[in-house]
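Asks: Below, each chain spelled out in residue letters.
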Amino acid sequence: MFEVYVAARFEAAHRLLGDFGPATRVHGHTYRMEVIVRGRQLGDDGTLYDIGKLNRAVSGLASSLDYRDLNEVPGLAGVNTTAEAVADYCWERLAPPLRGRGLDSLVVRIWESRDAYAAREDTLGR
Amino acid sequence: MFEVYVAARFEAAHRLLGDFGPATRVHGHTYRMEVIVRGRQLGDDGTLYDIGKLNRAVSGLASSLDYRDLNEVPGLAGVNTTAEAVADYCWERLAPPLRGRGLDSLVVRIWESRDAYAAREDTLGR
Amino acid sequence: MFEVYVAARFEAAHRLLGDFGPATRVHGHTYRMEVIVRGRQLGDDGTLYDIGKLNRAVSGLASSLDYRDLNEVPGLAGVNTTAEAVADYCWERLAPPLRGRGLDSLVVRIWESRDAYAAREDTLGR
Numbered sequence: 000m001f002e003v004y005v006a007a008r009f010e011a012a013h014r015l016l017g018d019f020g021p022a023t024r025v026h027g028h029t030y031r032m033e034v035i036v037r038g039r040q041l042g043d044d045g046t047l048y049d050i051g052k053l054n055r056a057v058s059g060l061a062s063s064l065d066y067r068d069l070n071e072v073p074g075l076a077g078v079n080t081t082a083e084a085v086a087d088y089c090w091e092r093l094a095p096p097l098r099g100r101g102l103d104s105l106v107v108r109i110w111e112s113r114d115a116y117a118a119r120e121d122t123l124g125r
Numbered sequence: 000m001f002e003v004y005v006a007a008r009f010e011a012a013h014r015l016l017g018d019f020g021p022a023t024r025v026h027g028h029t030y031r032m033e034v035i036v037r038g039r040q041l042g043d044d045g046t047l048y049d050i051g052k053l054n055r056a057v058s059g060l061a062s063s064l065d066y067r068d069l070n071e072v073p074g075l076a077g078v079n080t081t082a083e084a085v086a087d088y089c090w091e092r093l094a095p096p097l098r099g100r101g102l103d104s105l106v107v108r109i110w111e112s113r114d115a116y117a118a119r120e121d122t123l124g125r
Numbered sequence: 000m001f002e003v004y005v006a007a008r009f010e011a012a013h014r015l016l017g018d019f020g021p022a023t024r025v026h027g028h029t030y031r032m033e034v035i036v037r038g039r040q041l042g043d044d045g046t047l048y049d050i051g052k053l054n055r056a057v058s059g060l061a062s063s064l065d066y067r068d069l070n071e072v073p074g075l076a077g078v079n080t081t082a083e084a085v086a087d088y089c090w091e092r093l094a095p096p097l098r099g100r101g102l103d104s105l106v107v108r109i110w111e112s113r114d115a116y117a118a119r120e121d122t123l124g125r
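Residue numbers (numbering that gives the first Met the number 0), protein chains in the order written: chain A, 0 to 125; chain B, 0 to 125; chain C, 0 to 125.
Just so you know, these hints were derived from the structure itself, not from any lab. Since the model is a prediction, treat every value here as computed from it, not as a measurement. Cβ coordinates follow ideal geometry from the N, Cα and C atoms, glycine included. Check each hint, because a few of them may be wrong.
[Stated by the list, open to error] Stretches of chain B that chain C covers, calculated by requiring three or more beta carbons in the stretch to come under 8 Å of a beta carbon on chain C: (1) 4–11; (2) 19–30; (3) 78–89.
[To be verified] Here are some, though not all, of the chain C residues that point toward chain B, as calculated from beta-carbon distances under 7 Å: (4) Phe1; (5) Tyr4; (6) Leu16; (7) Asp18; (8) Thr46.
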């Protein structure tokens with residue numbers, strides 16, 4: 000089994016709804032998004048998936064969230080913007096172009112700080 | 000599958016027994032404890048498990064080990080205080096309140112330095 | 000399930016062949032090699048595998064690649080020196096002495112930068 004990992008950052012504001020104490024106030028994080036694809040076989044070029052290409056997809060997604068209020072991002076406006084929900088949102092947007100490429104699974108981790116992240120991992124369907 | 004991760008630090012002394020060279024002398028580490036819970040489903044509030052709540056549990060455990068000699072901590076006094084044993088000790092203390100909450104598994108990693116850790120990962124029983 | 004992790008660094012040059020843009024020019028990285036062994040049972044000495052011993056094996060392998068042109072390293076000379084290929088090369092060299100020691104699997108991650116790695120993970124055969 001092989002993995003390829005890339006990471007990107009974005010600065011965003013958000014606030015939680017519900018019983019989350021100070022996190023219900025508008026605040027922000029320097030988010031770090033970590034993305035891993037997994038698969039069984041390297042191609043003839045020696046890659047599982049071109050790191051540069053994966054990096055462009057991940058950086059593009061991070062840019063679309065940079066200096067935004069996550070509570071106002073379409074696709075996140077209706078949900079509680081927990082790190083889990085942001086990971087889910089990013090997973091759904093990164094997965095489609097990765098399907099049918101011989102990859103097994105995709106992991107998206109959303110770090111809110113150096114000491115906390117939430118992640119979604121699921122199979123891609125080959 | 001979703002994950003939530005938090006980390007905490009503690010400063011502790013220990014020494015190993017057996018064929019471990021300089022590590023048999025009393026020394027210490029700035030330990031980093033990383034804790035991950037895994038589960039399949041987000042709750043209505045958009046969380047797998049409240050990061051703040053997990054952080055309080057992990058920070059409390061780290062505090063209980065801070066500025067201690069691990070070889071004198073009850074529950075570690077009878078074992079070799081390898082990073083594996085410390086991970087096992089922390090796993091057993093963190094797991095009980097996490098059971099029956101829809102979580103699948105718990106990982107505890109104990110870093111002795113930036114370049115070395117040991118971890119225990121096991122299912123929680125839902 | 001327990002894990003033991005160690006890391007080491009090496010400085011090396013390489014270049015890719017094929018459709019990889021600027022990465023086809025000779026360049027270099029401060030590579031970080033992360034190695035994880037997994038297994039089910041701790042020994043009587045409280046270790047899954049001696050971290051110091053694993054560290055010596057990993058550091059020795061890293062030293063053998065330090066200040067080298069990866070495209071000229073025997074065993075890598077015939078392949079595209081992607082991070083996946085370097086992970087595969089290192090996996091094959093670390094695995095043999097780890098077999099038959101009660102370990103289940105071995106992971107080798109090769110970081111080309113803080114934001115990108117490739118990894119190989121496979122069972123060791125106990």
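Asks: Please go over all the hints and tell whether each is borne out by the structure.
Replies: Hints, verified against the model:
no.: 1; hint: 4–11; verdict: violated (count 0)
no.: 2; hint: 19–30; verdict: holds (count 3)
no.: 3; hint: 78–89; verdict: holds (count 9)
no.: 4; hint: Phe1; verdict: 5 Å, holds
no.: 5; hint: Tyr4; verdict: 5 Å, holds
no.: 6; hint: Leu16; verdict: 32 Å, violated
no.: 7; hint: Asp18; verdict: 34 Å, violated
no.: 8; hint: Thr46; verdict: 5 Å, holds
Hint compliance for this structure: hints 1, 6, 7 are not met, and every other hint is.
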